[in-house]
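Visitor: Chains as they are written, first to last, in the working numbering: chain X, 13 to 298; chain B, 98 to 218.
Since the hints were derived computationally from the structure, they do not count as laboratory data.
Hints should not be assumed to be uniformly reliable.
Among the chain B residues that face chain X by a calculated CB cut under 7 Å, a handful are [unchecked claim]:
{"hint": "1", "residue": "Y101"}
{"hint": "2", "residue": "D111"}
{"hint": "3", "residue": "R112"}
{"hint": "4", "residue": "G136"}
{"hint": "5", "residue": "L177"}
Far from chain X, some chain B residues (derived; all Cβ distances over 12 Å) [stated by the list, open to error]:
{"hint": "6", "residue": "E122"}
{"hint": "7", "residue": "D123"}
{"hint": "8", "residue": "R125"}
{"hint": "9", "residue": "T129"}
{"hint": "10", "residue": "T130"}
{"hint": "11", "residue": "D141"}
{"hint": "12", "residue": "V142"}
{"hint": "13", "residue": "T146"}
{"hint": "14", "residue": "S149"}
{"hint": "15", "residue": "A153"}
{"hint": "16", "residue": "D156"}
{"hint": "17", "residue": "N160"}
{"hint": "18", "residue": "K191"}
{"hint": "19", "residue": "S196"}
{"hint": "20", "residue": "R204"}
Computed list of lysine to any residue pairs in SDA-like fashion (alpha-carbon distance at most 20 Å, straight line) [stated by the list, open to error]:
{"hint": "21", "chain 1": "X", "residue 1": "K47", "chain 2": "X", "residue 2": "S276"}
{"hint": "22", "chain 1": "X", "residue 1": "K107", "chain 2": "B", "residue 2": "A182"}
{"hint": "23", "chain 1": "X", "residue 1": "K30", "chain 2": "B", "residue 2": "K121"}
{"hint": "24", "chain 1": "X", "residue 1": "K194", "chain 2": "X", "residue 2": "E294"}
{"hint": "25", "chain 1": "X", "residue 1": "K30", "chain 2": "B", "residue 2": "W188"}
{"hint": "26", "chain 1": "B", "residue 1": "K121", "chain 2": "B", "residue 2": "Y184"}
{"hint": "27", "chain 1": "B", "residue 1": "K138", "chain 2": "X", "residue 2": "Q75"}
{"hint": "28", "chain 1": "B", "residue 1": "K138", "chain 2": "X", "residue 2": "L29"}
{"hint": "29", "chain 1": "B", "residue 1": "K121", "chain 2": "X", "residue 2": "N80"}
{"hint": "30", "chain 1": "X", "residue 1": "K174", "chain 2": "X", "residue 2": "P272"}
{"hint": "31", "chain 1": "B", "residue 1": "K138", "chain 2": "X", "residue 2": "H74"}
{"hint": "32", "chain 1": "B", "residue 1": "K203", "chain 2": "X", "residue 2": "R215"}
{"hint": "33", "chain 1": "X", "residue 1": "K138", "chain 2": "B", "residue 2": "K121"}
{"hint": "34", "chain 1": "B", "residue 1": "K191", "chain 2": "X", "residue 2": "I40"}
{"hint": "35", "chain 1": "X", "residue 1": "K138", "chain 2": "B", "residue 2": "D162"}
{"hint": "36", "chain 1": "B", "residue 1": "K191", "chain 2": "X", "residue 2": "E102"}
{"hint": "37", "chain 1": "X", "residue 1": "K138", "chain 2": "B", "residue 2": "P114"}
{"hint": "38", "chain 1": "B", "residue 1": "K121", "chain 2": "X", "residue 2": "Y97"}
{"hint": "39", "chain 1": "B", "residue 1": "K203", "chain 2": "X", "residue 2": "T217"}
{"hint": "40", "chain 1": "B", "residue 1": "K191", "chain 2": "X", "residue 2": "L78"}
Think of the CB as a built atom: it goes at the ideal place given N, C-alpha and C, for glycine as much as any other residue.
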Amino acid sequence: MAKLAAVLATTHHPFYLKATTAPADQQIPEAPEWKRKVEAYRDTLTKAEPELLVMVGADHFHQFFLDNYPQFLIGKSPRYDATFYNEEREFGIPKYILEGHEDLSNFMHKGLLARGFDFAFSNELKLDHSIICPIITTRPQADLPVVPIYTNIFAPPLPSPKRFWDLGRAIREIIDEYPSEKRIAAIGSGHLSLELGGPRQFRETGPDPEFDRQAIEWLSTGNIDAILANVTHESMARSGNATHGFMDLILMMGIAGPIPAAYSDSLSLFHTMEAYITWYPEGAAQ
Amino acid sequence: MSRYYVNKFLFTVDRDPELLRRYKEDPRSLVTTWEQSIGPKLNDVERSTVHSLTEAERDALINHDIVALFEMGAHFFLSLTIFIAIYDEDWMQKYGPLSFQRDFAKRLAHWEGRDYPPVGE
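So here's chain B without its partners, still in its complex pose (with noise of 0.2 Å):
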């Protein structure tokens, strides 16, 4: 298992307008693309052969899985920010000012109360 992996995916995908929207329209192919060539880049020319997803952490990424995600200690900023940018407005269109927000934390209610699985430590 790699959360830090799973974050650095939520990370990249988030701060590059054209990976957002291929993981909005097509989340496998661009998953796929991702632990291909874009996970193990360090920089422009170093390869970083330490991480790789589980098939668990691939399928939560690729059905934008937020209660896996967050079951999974993936970092609450960057899952909330990353489904913000794919939802929001459609959600909004549909059902209103903060509509998917509102689901969003309605999908984690099972963990009110409750210690939330660490992000890091």
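Chain X on its own, in the form it takes in the complex (with noise of 0.2 Å):
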């Protein structure tokens, strides 16, 4: 059977790339601290040697739009292209295509099906920034095979946290059966409190600080009751009207189990705060 060698929630930072690349003189403060802080995140992966990557991420309105947009979404393709016209123009993301794999991403559309989870499918799927940004950050050359999945956290009406979480378990079930000796590495990309095109957003931290804080706390511990507890659409919505993609990390601590991170970490930026956190389910990395 298929081994889940690590499983990453990370927030996703479209101007990450952009921000520690540009010439040191035009650089934001934060950008040697923020580079290393990612390379040491990296690490996390890395050591867990994967061979192939179920990635967790959600359109932004790239290839979905309103008159057809899927709660769930599993891509199927032999490879997908990656980064649209507006995120290269607004974020400087570079364009890539990814290797897919084609026999876990029907193995895992069966077995979500059979789960109760009826997937809406996509065999000609375009990646946008946030499966591309964990890519940059954790797996930048690039070179491993995903399984693309796809939430909403965008279009309301939304499913609930408590439907990320249980997602997330039938994901890790299935990959617990698949029959393969590759080791399998899952990386999902959300939000902590985020506000877009409202009153709070792009302000010197990210607009609730103390959810932020709280949510950091909840993922490292594994914690699903207290964010079962707390955490509802409307509370996100308190938190900033785009902090529902803190779903998504929901379902990647689904995917681990209710355990303490390995490895946990953050960074106070400008508009947010970025989060890093990786469980090795099955034993530290060798």
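Dock chain to chain to rebuild the complex, using the hints, since each chain is given by itself in its own frame.
Guide: What follows is the structure in structure tokens.
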């Protein structure tokens, strides 16, 4: 059976690449520390020696729009183009091509259906920065095949936080049952408190630093009970209108299980708090 | 009122460099073109008869009226992205980094602490 080598839950700050590759005299003051923290986080994936990645993200109206927006969707392509024109324009993120893994995509899709998760699917999915940002930060060589999973954290009405946790648990069971000797890592990106297009955007910190501190504590201690007791769509909206991306971090903890993280780090930046969490559900990486 | 159609405008214009250029340079003309020949498109062949813009929605789009769009429930991500594309570079040169984004926030300050207009549901 496949081995779940690592589970990573991280925020995706689309300006990381631009901020850390600009000429030194044009960089924001936090850029060197940001780079150090990201590279330390990358090591938590590298040392798990993954061979295949299950990637969790959310389409930001790049391929999918309100005429047909999936609650949950799995990619089933042999390969994936990534980065849309308007992401290159705004964030300076380059284009990528990632190899897919059709066998695990199919196994995952059937396993999800069997567990009551009636996923939409795409045989021609183009990935956006929710998946490419964590590739840039944790696997910049972009050399491993991926199985992308998209969630709706963006176009209300949204699935519940509990549903994201349960989906993570289901994905874990399916990875554990996958008949392969591969070492699989699951990497998902979301947000802590975040405001976009509203009165609290682009401040010196994220809109709700207290929520951010609490959320990192919950994730790093595997405290799903506290999350489900405290986090609702309404509470996330009070923390910032785009905070619902936190549910993808809940999903990732669902893949790991209610266990303490092996690694937890954060960085307060303008506009948002960054979080870098890694679990090794089957013990420390070798 | 069609919040969906306002969002469709923002979505289709933001992802097309030529439409975006026209929306920056001559918004009234682009909004007219869009309503005639882009908005109704379901695909290259099929047309939809379902949606149309109200006068208030049309005016908000023509005037790049961030506050009106927010208040009619245009999706925050679409609105932020398209107006960054239109204004960020010019503002950055005049007033420094993030000046447009912070002014955008300031224009919406009267919404802080209140429930925002819903973008869905």
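Visitor: Provide an ascending list of the numbers of those earlier hints which the structure does not satisfy.
Guide: 4, 19, 20, 23, 28, 29, 33, 35, 40
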